[in-house]
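Please build the complete structure, drawing on both the sequences and the hints.
Protein sequences, first through last, are from chains A and B.
Quick note: to get the numbering used here, add 675 to the position in the first sequence (first position is 1).
With the numbering used here, the residue at position 115 of the second sequence is 99, and numbering never jumps.
Bear in mind the hints are in silico, worked out from the structure with no lab data behind them.
Warning: the hint list may mix true and false statements.
Lysine-lysine pairs mimicking DSS-like chemistry, simulated, CA-CA at most 30 Å apart [what the hints assert, rightly or not]:
no., chain 1, residue 1, chain 2, residue 2
1, A, K763, B, K38
2, B, K60, A, K857
3, A, K753, B, K48
4, B, K48, B, K60
5, A, K763, B, K36
6, B, K60, B, K38
7, A, K857, B, K48
Each chain, letter by letter, is given below.
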Amino acid sequence: MNAVFQFLIDALSLGSIYACIALGIALIFGVMNLVNLAHGELIMVTGYTLLLTHGLPLPLRIIIAITAGVLAGILMDKLAFRFIRGAKPATLMIVSFGIAYLLQNLAILFIGSQARAVALPSWVSARISVGGIGVSPLDLVTVLVTVLLLAGMGLVLYRTPIGRQMRAASEDFTMARLVGVKSDRVISTAFALAGFLAAVAGILLIAKTGTVTPTMGLAPLLAGVVATVIGGSGNLKAAVYGAYLFGALTVAIQAALPTDLVAFRDAVAFALVILVLIVRPQGLFIRRAVAERV
Amino acid sequence: MLEVDSLYVAYGPVTALRGVSIKVEKGSFVGVVGPNGAGKSTLLNTIAGVVKPKSGSVTLAGSKLSGARAEHIVGKHLSLVPEGRRIFGQMTVLENLQLGTTVRKDREQARTHITEMMEVFPILGRFRDRRAGHLSGGEQQQLAIARALLARPEYLLLDEPSAGLAPVIVDSVFEVLKRLHNEGVSILLVEQVAHRTVETADHSYVLQHGNIVARGTASELLQGGLLEAAYLGADGAAPEPEGAGQA
Chain A
676 MNAVFQFLID
686 ALSLGSIYAC
696 IALGIALIFG
706 VMNLVNLAHG
716 ELIMVTGYTL
726 LLTHGLPLPL
736 RIIIAITAGV
746 LAGILMDKLA
756 FRFIRGAKPA
766 TLMIVSFGIA
776 YLLQNLAILF
786 IGSQARAVAL
796 PSWVSARISV
806 GGIGVSPLDL
816 VTVLVTVLLL
826 AGMGLVLYRT
836 PIGRQMRAAS
846 EDFTMARLVG
856 VKSDRVISTA
866 FALAGFLAAV
876 AGILLIAKTG
886 TVTPTMGLAP
896 LLAGVVATVI
906 GGSGNLKAAV
916 YGAYLFGALT
926 VAIQAALPTD
936 LVAFRDAVAF
946 ALVILVLIVR
956 PQGLFIRRAV
966 AERV
Chain B
-15 MLEVDSLYVA
-5 YGPVTALRGV
5 SIKVEKGSFV
15 GVVGPNGAGK
25 STLLNTIAGV
35 VKPKSGSVTL
45 AGSKLSGARA
55 EHIVGKHLSL
65 VPEGRRIFGQ
75 MTVLENLQLG
85 TTVRKDREQA
95 RTHITEMMEV
105 FPILGRFRDR
115 RAGHLSGGEQ
125 QQLAIARALL
135 ARPEYLLLDE
145 PSAGLAPVIV
155 DSVFEVLKRL
165 HNEGVSILLV
175 EQVAHRTVET
185 ADHSYVLQHG
195 NIVARGTASE
205 LLQGGLLEAA
215 YLGADGAAPE
225 PEGAGQA
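Set out below in structure tokens:
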């Protein structure tokens, strides 16, 4: 019972972080047809902001770090992608790779390539007892924060005109423009939301690891892309479902593998992902298109 | 008046339109017919701002549209119902209709207009909370037309609205178009169903290989054999009307 509860908490916690990252990736992919390889650097920017604001009260640091993530997302669009609107997906992806590499190197140049410890309150690494079962408060906070965040994103996407326009653009960008959806506004909003989600995910990840490095965004980016693909590219809900599934899969493999094979956890997880994609290349949570009925 | 003048459009090395000129007078019903690959969809997509022309111009009531973005053109009271309906299948019928009002500032009136549209097309009212992708082809076509109308267009462009529909549904689509025309909406209809389009429109153009090869009223095109000649192809055999391409 204890093990099952622990598995659930771990899976939900990891899946929640992946969900924030995957939703941001899916938002950008939906409106721009871009797999943004610089998405991980939004996490990195957030991380270094948290590091550099050391000394300020934690809530203020968190607000500043999230603001930095959002601004980084918006600037990414305004300074780079805005000039190559309509370019081929491969071109967009290569540009995003360039941005990622540039930001990593800027971090190395100005702060250094070594991992830096981020000072956080002691409760972050504590364990508490819930009904006799020991859990990490950080895991509970992670699940709570991300569930609230995803619910908020759901409200924005499903209950506001800009959210409706983003979903329309995500489904058929040209048609969305034909009904009057302003492409630049929708793309900027998508980058801002992706920055926000990445920033929250980044803060939660740093709370778990306690360190920041210039390449800290790479592993979360990979997990987010995989979650988006196994859920179903171009569908926001599917990306979130894919993230929780991939989170659960990762935790389950870690628990099932013998100790000396735990290092190969990601290899096993990705092998399973490849199998999934061979069976369902469109993703697990995408139903066959129904729009082309006669 | 909507005026297309000497429009050249190319996709890389392939030229889709070669100096096409057409006019749509306010309140008129204009048809454009032609075989597959004639450039009909390219013509509409260029007018609507989806495709950029190589040269030539599109003007609406004297103001230049060519070069403007699609999202701005729809705000100038010109809406396109594209080929294949292009409804947002994962969204509900109501959300599709709400998106049709995106360019409108009069939010309250827009909401009333949506309700009215669901009365004009009762099936949309009945299925308002259903996913649009679950509607039948004919229902989706009604939704696509209703969505376009919610932008309050003075000019409605339709790209093969009968494609893939059962004959009885095609009848109802043409009935809707006639009704809209009678209500004062200017219509530019692109179709492969040539005879029906020519007979319904006030004036039609025949497009072939990116050129206007014939134009006229139904009687001029049908009795003169211009339509058949254009469709049967005979490059150069189709009678070139005087002033064709300069409308």
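Looking back at the numbered hints, which does the structure fail to meet, lowest number first?
When the structure is compared with the hints, none of them turns out to be violated.
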